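The primary structure of each chain is shown beneath.
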Amino acid sequence: MISNCLVVQAIRQPESLTFLSLADWDLLLRQARRANLLSRICALLDERGLIEQVPPQPREHLEWARAIAKKHAQDVQWEIAMIRKALVGVGVPVILLKGGAYVMAKLPPAQGRLFSDIDIMVPKGSLNEVEAALMFHGWATAELDDYDKRYYRTWMHELPPMQHTRRTTVIDVHHAILPETARTHPDPEKLRSAAQLLDGYDNLKVFAPADMVLHSATHLMHEGELHNGLRDLVDIDSLLRHFGSSPTFWPGLIERAKELDSTRTLFYALRYAQLILHTAVPEDTMEAARIGSPNRVMLMLMDMLFSRALMPDHPSCSDWLTGTARKMLFIRANWLRMPPVLLARHLFHKAFISPKPE
Amino acid sequence: MNVSSLTSSELASRLSNAGIHLQTGSFITHLQTAIPSVAEGIGLLYSDYPLVEEGGFADFHVDLIPPRNLRRWFKPQVLFLSDGAPPFKPLPLDQAFPLFEWGLNWCVSSHANNYLIIHSAVVEKNGYAAILPAPPGSGKSTLCAALVNRGWRLLSDELTLVRVSDGKIIPLPRPVSLKNQSIDIIQQYEPGAIFSRKVSDTMKGTVAHMKPPSDSIFRAAETAQIAWVIFPKYQAGSAARLEPLPQSRAFMRVADNAFNYSLLGTEGFETMARLIDASLCYDFTYSVLDEAIETFAALKPPTSPT
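Top to bottom, those sequences are chains A and B. Last residue of the first sequence? That's 427 in the working numbering, and every number before it is there in order. Last residue of the second sequence? That's 930 in the working numbering, and every number before it is there in order.
Calculated directly from the structure, the hints in this document are not laboratory data. You may find that some hints are simply not true.
Derived DMTMM-like pairs: lysine to aspartate or glutamate, alpha-carbon spacing no greater than 25 Å straight-line [stated by the list, open to error]: (1) K419(A) - D217(A); (2) K140(A) - D880(B); (3) K419(A) - D388(A); (4) K139(A) - E634(B); (5) K792(B) - E324(A); (6) K713(B) - E212(A); (7) K419(A) - E292(A); (8) K327(A) - E356(A); (9) K822(B) - E918(B); (10) K857(B) - D808(B); (11) K175(A) - D268(A); (12) K218(A) - D268(A); (13) K139(A) - D790(B); (14) K140(A) - E894(B); (15) K396(A) - E249(A); (16) K713(B) - D382(A); (17) K259(A) - E227(A); (18) K139(A) - D880(B); (19) K140(A) - D790(B); (20) K140(A) - D808(B); (21) K193(A) - E258(A); (22) K175(A) - D687(B); (23) K139(A) - E891(B).
Coverage of chain B stretches by chain A, computed from C-beta distances (three or more under 8 Å per stretch; other residues unrestricted) [stated by the list, open to error]: (24) 821-834; (25) 861-870.
A few chain A residues that don't get close to chain B, going by computed Cβ distances all over 10 Å [unchecked claim]: (26) S90; (27) I137; (28) A211; (29) E249; (30) S314.
Source: prediction; values computed, not measured. Glycine included, each C-beta is placed from N, C-alpha and C at the ideal position.
One chain only, chain B, in its complex shape (with noise of 0.2 Å):
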């Protein structure tokens, strides 16, 4: 049974009472909240995710709830907890949904330490994946939103999960996040997708979030072997330029950006080691974003399996 079995007036009231076990890739969350954003966002964006009606087990325990403070009054906000304990302060009550976006992230990424985590969009075609890790303002949702407007399986737009016990990319397809002008840039270049309503004022400025494409979602379960690591960086004006880098340049960046190398300790290095072995690693520069989907499309991925 998917979310969209569920009428939104049912999907708001199972919320707002006994919750819903959402599964998102390999993760079960149960979700309460009276918050209307929060089940609109949820109704439009995870129609196609399925819900988990038996067990009764779930990896994370989430509600979205008003705190009661005398802000409530005048300038409401909303709290996030995790099993009943805020992990971040408060944020004003319009900033719900994506809230419970970042909030799934740190579920995610301070937990599931199975997985080296990397900071990182991931991609898929024909089996083979690309990682795009790269600090903000890089445009690397931007240029994940388009590459799975245009034929590529979104494995995920913040969180690259790698199985430490075999090496594979493990699937976390989670609704797209795009702030400021890059909202407006994907919505004219996909005019088909869906996008949650736009929030202002957030600590990321405006953003909003698109829903994955439904086969991305679908196909949540079908692991995927690395074989690019390409850090994007959006330049206006440049034509799109792919350069070589060395993998042990590559090894450090993409350590920076992993949120539990060291936590790993040996694991997470013999992790980091095997996924750059079997990489090929690029820098990208690009100002095109249909230059950029043609350099995707000419990859090839490494010749020799390691």
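Isolated chain A (complex conformation) (with noise of 0.2 Å):
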């Protein structure tokens, strides 16, 4: 598993990379793309010089990778500048969450990394309002059944995705970073107060950088669905080795960890971008971050599980267990989404009522 995924190699080396045999390009960009990774590989290979060293053929799929990644990051400072014109009217700051808010605040895990959705967040009380002025200029809510419409608004953190009518594009609108019914509450009154404007804008705001990292780590081990899990881990890493740096940063990060209610959230994150991307965590932070731990039999699961599931979704990054780690944790996201009742009735309805795609 993570021994064979040379995608873990070149997030981790990606000057080791100029070794590698066109038999083992061949499989890298194959592992890549099926992680969503291949640009952001292209990326660190730009910033490295190291691009001319790829042999011609491989080369070729980096550089189409980046064509995309281009293209993407312009649309997404076009899509938020729709956005900010959308909710001026509103007069209450909207917060960028994860891509967005890299890609603007010119953070390194922006570079050459794709995402679908534009995801904001807002004060719960100014909801309806955010909701009505984004229709007003063609976003609309996909279609749901009324399970699913009364699901979102009852207990999820966010309104139901509002695609743009013509741009196609599509906004989550968060109040929280996680469901009311959830295990742990992180106060998203708290995020919100911490939350620092962007240079040169007046309502468009971003986590604090503890808050970034917490928030990524928190979507990423709260995910029931992986197959962007690596990407995730990616950005986590990312934001470490940048705001790393800072000495301040690391205590700061454990003590905002405990105010968020996130410590196990925080370990969980810091070890595992330091179990398979080998991120620098200094050791007395790693050490302080044990206050989130599970116990012993626990955590030796939840390696197991995690060590796979983080793996591209891809043949030569799985074994036999990989299935059945992905499937575990799917149930546990939803475990530490929902108090058992409301699962069981959950799954029951989405396994007996709601309609199947084809």
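Fit the two chains together into the complex; they arrive one by one in their own frames, and the hints show the way.
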């Protein structure tokens, strides 16, 4: 698994790619495409001036991916300008989350990162106004059945995804980073009050550095479907490398995790970033993060699951347990998102009552 | 080594085991399939194409498999897999070979962004290329098939690849896709042409593929300079008529037919502008293929290269 995965090697040590054979490149391109990391690898090679050392055939594939990433970054900026224009009348600051935030704050994980939706966070009290303003400017909620609609409105931390009718772009409007029903409760008010204005804007914000890492970790550790799992771990690795150069960052990160009820999440994120991507986490930070560690048996199980499910969803990075690991983490994610009775009701409804896609 | 150096049973057995690395233009496709009609189509239409035996690198990894669903017992289907993932829904098994052709077009048009990719046929003579962009039904492939049987070199019948770095046209000679009456028309026009078995009731009607002239396949590495942009239109009973088209109009119409014009952003615009600048642009109406061939033979390349 981890040892077979050339994508992991590429992220850890882009320099080592100049020694790959053509057959290895063939495999790396396939793994990277599946993990949505091909343009990221191109960006890492570009940064180091190594792209010319890649043999011509695989280099072409990297350049293909680079063209998509370049267009993507432009589209994201345009889309955010449109969102900002649509919401200027609502009068609440809009916090950009994840990919959109990395692009607008010019942070390193934005380099070569592809994502499909723009995520924003607004105060819960302004959700209706925000939704109305977006609808007025051409976004519409996708068709959902009544159960899903009710489910979103009652329990979720976000509105159902809204798609722009002409540009077909999708926006997710959040009021918190986890559902109301989840086991842990990172307080959205605390996240909002620490958020920082983007340079040159008066109503666009991004999370403070520690919160940005914690949100990325929260997302990854509560996600049921991990086909972008490695990409999300790469974000965390990249944020940690970037913010970690400031000495006050690491102690602040641990403190913030305590304040936001996220010590378990942070522990896992640091552990798997270190284990899989060799992220340099200071010894004392790792020690302090252990307050979030589960017991030893549980930790062994989680290691077994995450070390498989965070690999690219490609046969060359899978073993006989990978499928099981993915299924178990899917169940775990739902388990963390809602209490057992609600979960049972939800799964029952999804299994027997909701209409099935073809 | 070419596909023709394998016997048909060797080819079928390679395809169903390790697969073959097939070179088409500048792309290498690793193809695996146990479906006999695909092996048959490859053996017939790809006999002159090189097999890449060394290196272990492929641009595209394609499998054609029957999906494992209940339908296989009474109405078997075929699924196109690009590195294990299906970009399209399955089709009836009978359409496996056309699906391979369409799927390979998809592989190129959805990945190869170092080219501006135009949905058009493109042919070459004396180093000058004519691109024939047109919506389906305009007779683009029929005209293209006729031209390549009368001395023009086939660069592609579906995908014109314009290299972003220098504006050159990069050949991708693959079997020419013909549909409905066009199949009979070209079979009568060039009785020596080699065709795959007709497949009926596809989304495009009845289709068959024609093997490109061997010379076009051997010269697949020779790039070409654009000289003409010609929008063909078959119109029953009309005489062959070539009408000059303003470059501005031609620009927009070619852009409409490009797969990745907007994805390439500024580079897409610049590549398109360079292409149109170097071309004489025409609308072309025809009904008789021989007249069309005469018109094309009389084309003069632009005098001042830009």
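Agreement of K419(A) and E292(A) with the hint, judged by alpha carbon distance not exceeding 25 Å:
Satisfied, since the Cα-Cα distance of roughly 18 Å is no more than 25 Å.
Assess, step by step, whether the Cα of K419(A) is no farther than 25 Å from the Cα of D217(A), and give holds or violated.
Given that 25 Å is the threshold and the Cα spacing comes to 9 Å, the pair holds.
Within a Cα-Cα threshold of 25 Å, do K139(A) and D790(B) meet the stated pairing?
holds, 20 Å
25 Å Cα cutoff - pair K419(A), D388(A):
violated, 29 Å
Please settle this one: I137(A) was flagged as non-interface, so is its CB more than 10 Å from every CB on chain B?
violated, 7 Å
Exclusion check [E249(A) not at the chain B interface, CB over 10 Å]:
Correct as stated: the minimum Cβ-Cβ distance to chain B is 36 Å, above 10 Å.
For the pair we were handed, K713(B) and E212(A), check the Cα-Cα distance against 25 Å.
Between K713(B) and E212(A) the Cα gap is close to 22 Å, so the pair holds against 25 Å.
Compare the distance between the alpha carbons of K822(B) and E918(B) with 25 Å, and conclude whether the hinted pair is satisfied.
violated, 30 Å
Given the hint that K713(B) pairs with D382(A), test it: the Cα-Cα distance must not exceed 25 Å.
Holds. K713(B) to D382(A) sits at ~21 Å (cutoff 25 Å).
Examine each Cβ of chain B, and state whether all of them lie more than 10 Å from the Cβ of A211(A).
Consistent with the label, A211(A) stays out of reach of chain B, its closest Cβ about 21 Å off (over 10 Å).
Quick check: do three or more residues in the region 821-834 of chain B have a beta carbon closer than 8 Å to a beta carbon of chain A?
violated (count 0)
Check the hint pairing K396(A) with E249(A) against an upper bound of 25 Å on the C-alpha distance.
holds, 24 Å
When held up to the earlier numbered hints, the structure conflicts with 3, 4, 5, 9, 12, 20, 22, 24, 25, 26 and 27 and fits the remainder.
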